[in-house]
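Each chain is listed here by its residues.
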Amino acid sequence: MLKIMGLTKIYGEKKAVDDLSIEIKSGEIYGFIGHNGAGKTTTIKSCCGILQFDAGEILIDGTSIKEDPIKCKKEIAYLPDNPDLYEFLSGIKYLNFIADVYQVPQNERENRIKKYADAFELTSDLAQPISAYSHGMKQKLALISALIHEPKLMIMDEPFVGLDPLASHLLKQYMRELCNMGGAIFFSTHVLEVAEKLCDKVAIIKQGKLVTSGTMDEVKGDTSLENVFLELEESHV
Amino acid sequence: MFKDLVTIRLRSMFARSSGSGNGKKHKTRAIAFIALMIYCAGYFAFLFGMMFSQLCEAFMSAGLDWFYFAYVGILAFLLCFIGSVFVTQHQVYEAKDNELLMSMPVPPGYILGSRMVSILLLNYIYEIIVFIPAWFVYARTAEASVAGLIFFIAAAILLPLFGMTFSVAFGWITAAISSRTRRKNVFTLVITLILFFGYMYIIMRIQHYTQVLIMNGTEISAAIRKALPPFYYMGNSIANGSVVEFLIFALCCIIPFALVYMLLSRSFIKIATAKRGAKKVKYVEKSLKTSGIRKALIKKELAMFAGKPMYIFNEGIGLIFMLIAGIYIAVKHDSIAQLIGGGYIPALVCAVLGASAAFNIISAPSISLEAKTLWISQSSPLSEKDILLAKADMHILVTAPFIIVPAVIMGIACGLSPVEFAAAIMFPLAMTAFTALLGLDVNLTFPKLDWIDETAAMKQSMSVFITMMAAMAVVAAVFFIYMLILDASIPPMTYIYIVTALLLAAAMLLRINILRSGVARFRNLAS
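Heads up: the sequence lines are chains A and B, in that order.
Going by the numbering used here, the letters in the first sequence line up with residues 1 to 237, in that order.
Going by the numbering used here, the letters in the second sequence line up with residues 1 to 527, in that order.
If you are wondering where the hints come from, they were derived from the structure by calculation, not from laboratory data.
You may find that some hints are simply not true.
To be verified - List of simulated lysine to any residue pairs, SDA-like, C-alpha gap at most 20 Å:
#	chain 1	residue 1	chain 2	residue 2
1	B	K332	B	L416
2	B	K286	A	Q128
3	A	K114	B	K289
Stated by the list, open to error - Label pairs and their calculated CB-CB ranges:
#	chain 1	residue 1	chain 2	residue 2	range
4	B	S335	A	A127	46 to 52 Å
5	A	K114	B	V117	47 to 53 Å
6	A	K114	B	M262	49 to 55 Å
7	A	D19	B	I173	56 to 62 Å
8	A	D222	B	K372	41 to 47 Å
9	A	S124	B	D97	30 to 36 Å
Idealized CB from N, CA, C, for every residue including glycine.
Full structure from sequences and hints, please.
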């Protein structure tokens, strides 16, 4: 579903991502772990076509993001770490705009908005301007907008930050549902317990380079993901 | 600590205008921006100088020297007040870093004070535009004394404090009212327009007021002393070198400022954290309207424009000019025809609408305003072409009714022929297309994405300045080429059609440039 091959992104003289290769298959929840500034967000933004990269290739369901970005983006949903949305729109107008962008048919968009807004307990607030939303409400709205076109691949940057326990639980449930339907999830997180419980596979990145990757069992073995992460951090100092 | 807060404030003010960063490119941009600012300030100072040169002699010969300075003071005060009242609202009461600073061990008075210093600096800039030409005109017309100059400079230092007192107090009132109002944007826009047109009205009626004043000098002098004592004392101290009157003026400026500062610094936390909020609107499920991608993008751009009063006021002021000019010409076309000759009325209609269209620079900050939300369009399955052209299209679509309606009103009232009527629509539309694409292209070259307060993108960014100056330069060039180079040797309608064709050709070239290099520039913007 997502194939990153030799991804390299340079800012000035600094290599933010250095020859990174990862493959995420259909049905997989793939966690992406690393310290602050390791290159997670740069990788994620490159996968979504937001950042232009210097070398390598990214394939979404077999299509190059460089060569046919629009086709790729139709299959993706991206959720940034900080949900800055169009504050001049109301929640419902924002969702309708996103549905227009993805050309979601009227009935489907109405049903999905109802389903997800009810689940995330946001329905009564949809007429409010986004500027009046709290951080958590914006995060929920961004999540609904990400789910509205039923993406094949969800790419998320720290998706659990700002969500209440119920919303976090729902998100995990939707992530699993999407994968069960043949989709895939690629997300970054600092919450290692969540990654350990939720992910099928995990990759650890440090200073732009892949340190380790594989199934959760392969990576953590008999110990915890936290221990593995800390050991890897220390051994690469 | 206070010094650090002020330094940070001033740095952000400068950086948000000229763009942040280091290196040659940034320095060149900063120098270009400063040069542009100086040019704009010089232009407006020149206009004020022209106005003062008419007034100064009349006041001097009527023995009303003091009123000349009082009048200069009133103009500077109004300019400072109108120019900074909404900046005050955004920077003092609604600044996004208020909560962050208040969570730190920083006295609230320091936070308030540092913001007031930056606004004070802005007021000094506005004031200089009025004060410098005022003194030059005075020195040329009358015998200026050294004492007068000293008091004039001292008054220049103190007067913005007086303006600040009012803008901070008024900003607080408007922030309090608008936060309780459901139609916050409409409220802010209406207040802004009332202030702006009130100021314009005073300036336009200046000759009338001058005559009234000269004829009734004594009565008005007494009235001003009673109603506007600070300006009375300011004028008298400069004209007569009176120390006592200057001290009274100084106290008039300092005491209210100190009182407002003390009052606000004590209640700053309460004011800045108050969650007033309008009544919550509950969502009622209804059928959603679907749109094509291009239409959805245009609707989004339109919502952004309509949702920001500052955006409408700063970038769409030409829309209001068009309506006012249209009604004015329609009503007064007979007396205008007597003044300029009936044959020139159709050309005047085209010129007024065309020049007003050039004042609309809606597309100029449209990319900068996306800033942190740029990820939405960049991660969505949208072509850069659609994203960019939707911004220019919205500019044109918003402007078109404001061209067509006044053109129809003036066309009927002035009896324009079909050819003249077509020109009255085509020329301003061509100017609009040109300005829309120019603003977009310039904004792609000079995007301002790291703003904290969106007024920086709308009021103080390089793309807005360049587009505004370029559009005004085009209007001036069209006029002067006809009057000076062509010496009005070809029929005005022929000239307007030629200019229309040239503007459309320029718009086409800009469109091609946007689709070729602009798309790549947009792709490389990092949100």
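Consistency of the hints with the structure:
no.: 1; hint: B/K332 x B/L416; result: holds (15 Å)
no.: 2; hint: B/K286 x A/Q128; result: holds (15 Å)
no.: 3; hint: A/K114 x B/K289; result: holds (15 Å)
no.: 4; hint: B/S335 x A/A127: 46 to 52 Å; result: holds (51 Å)
no.: 5; hint: A/K114 x B/V117: 47 to 53 Å; result: holds (51 Å)
no.: 6; hint: A/K114 x B/M262: 49 to 55 Å; result: holds (54 Å)
no.: 7; hint: A/D19 x B/I173: 56 to 62 Å; result: holds (59 Å)
no.: 8; hint: A/D222 x B/K372: 41 to 47 Å; result: holds (43 Å)
no.: 9; hint: A/S124 x B/D97: 30 to 36 Å; result: holds (31 Å)
Violation of the numbered hints given earlier is absent; every hint is satisfied by the structure.
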